[in-house]
Amino acid sequence: MNIQDKDKFFEEFNNGLHRLGRFTLIAGIIILMAVPFAFGVIVGVMPDMPAFLKGWINVAVVYFPVSVVEFLVYAPMLGAGGSYLAFITGNVTNMKIPCAMNARDIAKTEVGTPENEIVSTISVAVSAIVTTLVILIGVIMLVPLQPVLSAPVLQPAFNNVVPALFGALGLKYFAKSPQIAVIPLALMCLLCIFVPSMISQTSILMIPSGGLALAIGFILFKKGKL
Amino acid sequence: MSNYLETVNCLPFYLIVAAVLIFVVAMCVVFLVKSYKAGIALGMDPKDLKKVMTSSATFTLLPSISILLGVIALSGTLGVPLSWLRLSVIGSLQYELNVAEIAATAFGLSGLRIDEMTMSAFVTIALVMTAGILGGLFCSIFFLKKYLGKLSSKPKKTETGEKKPSFGDHATTAMFVGLCAAYIGSYVGRIAPGEYHDIMPLFTAFVAAIVMAVFEFLIQKKDMKVLENFSLAASMLVAMAAAVVFQLIL
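Sequences listed follow chains A and B, in order.
Per the numbering used here, the first sequence runs over residues 1 to 226.
Per the numbering used here, the second sequence runs over residues 1 to 250.
Errors might be hidden in some of the hints.
[Stated by the list, open to error] As a list, the in silico BS3-like pairs of lysine-lysine whose alpha-carbon atoms are at most 25 Å apart:
| hint | chain 1 | residue 1 | chain 2 | residue 2 |
| --- | --- | --- | --- | --- |
| 1 | B | K51 | B | K221 |
| 2 | A | K6 | B | K146 |
| 3 | B | K222 | A | K108 |
| 4 | A | K108 | A | K225 |
| 5 | B | K47 | B | K225 |
| 6 | A | K6 | B | K150 |
| 7 | B | K34 | B | K50 |
| 8 | A | K108 | A | K6 |
| 9 | B | K51 | A | K176 |
| 10 | B | K221 | A | K176 |
| 11 | A | K225 | B | K221 |
| 12 | A | K8 | B | K34 |
| 13 | B | K145 | A | K8 |
| 14 | B | K50 | B | K225 |
| 15 | B | K50 | B | K37 |
| 16 | B | K47 | B | K222 |
| 17 | A | K176 | A | K223 |
| 18 | A | K8 | B | K146 |
| 19 | B | K47 | A | K6 |
| 20 | A | K176 | B | K222 |
| 21 | A | K108 | B | K47 |
[Claimed, not checked] The calculated label-pair distances, taken between Cβ atoms and stated as ranges, are:
| hint | chain 1 | residue 1 | chain 2 | residue 2 | range |
| --- | --- | --- | --- | --- | --- |
| 22 | B | G76 | A | K222 | 51 to 59 Å |
| 23 | A | V182 | B | M224 | 28 to 36 Å |
| 24 | A | L133 | B | A213 | 31 to 39 Å |
| 25 | A | L136 | B | R113 | 24 to 32 Å |
| 26 | B | F167 | A | G44 | 54 to 62 Å |
| 27 | A | V68 | B | M224 | 36 to 44 Å |
| 28 | A | E11 | B | S110 | 51 to 59 Å |
| 29 | A | Q155 | B | R113 | 18 to 26 Å |
| 30 | B | L250 | A | V195 | 23 to 31 Å |
| 31 | A | D5 | B | A192 | 53 to 61 Å |
| 32 | A | V41 | B | L250 | 48 to 56 Å |
| 33 | A | P65 | B | L15 | 33 to 41 Å |
| 34 | B | D45 | A | V61 | 46 to 54 Å |
| 35 | A | K8 | B | E6 | 52 to 60 Å |
FYI, nobody ran anything at the bench for these hints, they're computed from the structure.
Because the structure is a prediction, the values reported are computed rather than measured.
C-beta atoms are modelled at their ideal positions from N, C-alpha and C, and glycine is treated no differently.
Just chain A, same shape as in the assembly (with noise of 0.2 Å):
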């Protein structure tokens, strides 16, 4: 194929992608939200509606923006397949997008090439199927499996997946471009030593983190420093 045919049949394939994608997202929509009331048809009783629209108005006045801010941030690292499908299977930040990066990573293609897209999705279905499989087997199997994985010695290994996550991939991810890191890396750093609050609000911390090292990261491409 040469590079118009490429571009043509990849312009094509991604369109087809975002009509799956809002088709299946609409579809997905419907049937989260029929969930609910198909539980209370079962059992004879509906949602308090005034008492839903007060707890729902709570709960989007904070995820809301977070909503948003993750959907600006990752869209562009997931692509468009992995987009829609990142965010109906969820676990975005923890999952999809380290997964993603790492299958780039060793299919070692370039950012904003079909390849890249292709990969991208591929990952992230993998992932989520993997995900949802795991979880069924879990399921089935909860009753004998809990007295293991709830076992109290273990559940400083569980309550640390995240930092453990992170530990990992900052390094990589520092040692690639320490000239970015080293200023959100100790902004970052303060902040939390001295804004203690702010610990617990890493999702709101990632945005001004996030610009910075993209501003920085600018500043050093123009400078040819990159």
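Please arrange chain B on chain A, whose structure you already have, making use of the hints.
Using the frame of chain A, we list chain B on its own:
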């Protein structure tokens, strides 16, 4: 009370959840097959694509088990089916627990407490949990195409047909550096005494980083590329085991 837990763990609830999950898995399979075929058509090496699949699967196993633990944690108050659904679709334990707590108080309970739960509270909480985190889905439906279209200014080609380096490559790395910095910063902040004091996250992250450094050394300097697939999962596993040992010593 046992009546409440029996009801929220009843067979029809499991069947409803299974049906929803089949839909989601089917969606993933369709995207996977389409992308795989497109990759082959574009001349990508099937070996590379398989490698991507294997590494994504191995990479996902460990965090998936932690999600399973989340299901166990949530199922004590919300039953297995709803917890299973919430954590398989969109949710993460931290979000779901927060949202369930907010919804429970909006319903008039003192919190997400098993001794106060009723079926009416349960379906209301389930609805809030579902509706509260659809933001990402709506953004994707309405804006994804436009947003990605705007971002993907095609890489400029030089006269020789080679790609001119663009900032796009570095932008993703930079964003990810920022993301890691925010997390690591929060672990460093936890060292200070106070409400959030906990040295385990930083300790675990530190061990993971050291193990990863060893892997990177072997991969880059000793040319042991085969380790690439396992470096992340193995670093995490060693760090998590270290966390268990460290806690025992403490």
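Cross-check of the supplied hints:
1. In summary, the hint linking B/K51 to B/K221 is supported, as the alpha carbons are separated by about 22 Å, within the 25 Å threshold.
2. A C-alpha spacing of about 21 Å is found between A/K6 and B/K146, which places the hinted pair at or below 25 Å, so the restraint holds.
3. This hinted pair checks out: B/K222 and A/K108 have alpha carbons roughly 19 Å apart, not beyond 25 Å.
4. Restraint check for A/K108 and A/K225: satisfied, since their Cα atoms lie roughly 22 Å apart, inside the 25 Å limit.
5. At roughly 15 Å between alpha-carbon atoms, B/K47 and B/K225 fall within 25 Å of each other, so this suggested pair holds.
6. Proximity of A/K6 to B/K150 is assessed by CA-CA distance (about 20 Å); at most 25 Å being required, the pair is judged to hold.
7. Between B/K34 and B/K50 the alpha-carbon distance is near 14 Å, which keeps this suggested pair within the 25 Å criterion.
8. Note on A/K108 and A/K6: the hinted pairing holds, with a Cα-Cα distance of about 19 Å set against a maximum of 25 Å.
9. In summary, the hint linking B/K51 to A/K176 is supported, as the alpha carbons are separated by about 23 Å, within the 25 Å threshold.
10. Distance hint between B/K221 and A/K176 is fulfilled; the C-alpha atoms sit about 15 Å from each other, no more than 25 Å.
11. Between A/K225 and B/K221 the CA atoms are separated by roughly 24 Å; this keeps the pair inside 25 Å, and the hint holds.
12. Restraint check for A/K8 and B/K34: satisfied, since their Cα atoms lie roughly 16 Å apart, inside the 25 Å limit.
13. Distance check on the hinted pair: B/K145 and A/K8 sit about 17 Å apart at the alpha-carbon level, within 25 Å; holds.
14. At roughly 16 Å between alpha-carbon atoms, B/K50 and B/K225 fall within 25 Å of each other, so this suggested pair holds.
15. With a CA separation close to 12 Å, the supplied pair B/K50 and B/K37 stays within the 25 Å bound.
16. Of the pairs offered as hints, the one joining B/K47 and B/K222 holds, with about 23 Å between alpha carbons and a cut-off of 25 Å not exceeded.
17. Between the alpha carbons of A/K176 and A/K223 the distance comes to roughly 18 Å, so the proposed pair stays at or under 25 Å and holds.
18. Simply put, A/K8 and B/K146 have alpha-carbon atoms about 18 Å apart, close enough for the 25 Å limit, and the pair holds.
19. For the suggested pair B/K47 and A/K6, the alpha carbons sit about 20 Å apart, so the restraint of at most 25 Å is met.
20. Distance hint between A/K176 and B/K222 is fulfilled; the C-alpha atoms sit about 18 Å from each other, no more than 25 Å.
21. For the hint linking A/K108 to B/K47, the alpha-carbon distance of about 13 Å falls within 25 Å, and the restraint holds.
22. Under the hint 51 to 59 Å, the C-beta atoms of B/G76 and A/K222, about 54 Å apart, fit the expected range.
23. At roughly 29 Å, the beta-carbon separation of A/V182 and B/M224 lies within the given 28 to 36 Å, and the hint holds.
24. Range check, A/L133 to B/A213: Cβ separation about 32 Å, and the 31 to 39 Å hint holds.
25. Between A/L136 and B/R113, the C-beta spacing of about 29 Å keeps the proposed range 24 to 32 Å intact.
26. Between B/F167 and A/G44 the C-beta distance comes to about 59 Å, which sits within the given range of 54 to 62 Å.
27. The hinted window of 36 to 44 Å between A/V68 and B/M224 holds, with their beta carbons roughly 42 Å apart.
28. Take A/E11 and B/S110: their Cβ atoms lie about 55 Å apart, and the range 51 to 59 Å holds.
29. A hinted range of 18 to 26 Å for the beta carbons of A/Q155 and B/R113 is consistent with their spacing of about 21 Å.
30. A hinted range of 23 to 31 Å for the beta carbons of B/L250 and A/V195 is consistent with their spacing of about 27 Å.
31. Distance hint check: the CB atoms of A/D5 and B/A192 are about 59 Å apart, consistent with the given range 53 to 61 Å.
32. A hinted range of 48 to 56 Å holds for the C-beta pair A/V41 and B/L250, which are about 50 Å apart.
33. At roughly 36 Å, the beta-carbon separation of A/P65 and B/L15 lies within the given 33 to 41 Å, and the hint holds.
34. Under the hint 46 to 54 Å, the C-beta atoms of B/D45 and A/V61, about 48 Å apart, fit the expected range.
35. Distance hint check for A/K8 and B/E6: the Cβ-Cβ separation is about 58 Å, which falls inside the suggested range of 52 to 60 Å.
Of the numbered hints stated above, none is contradicted by the structure.
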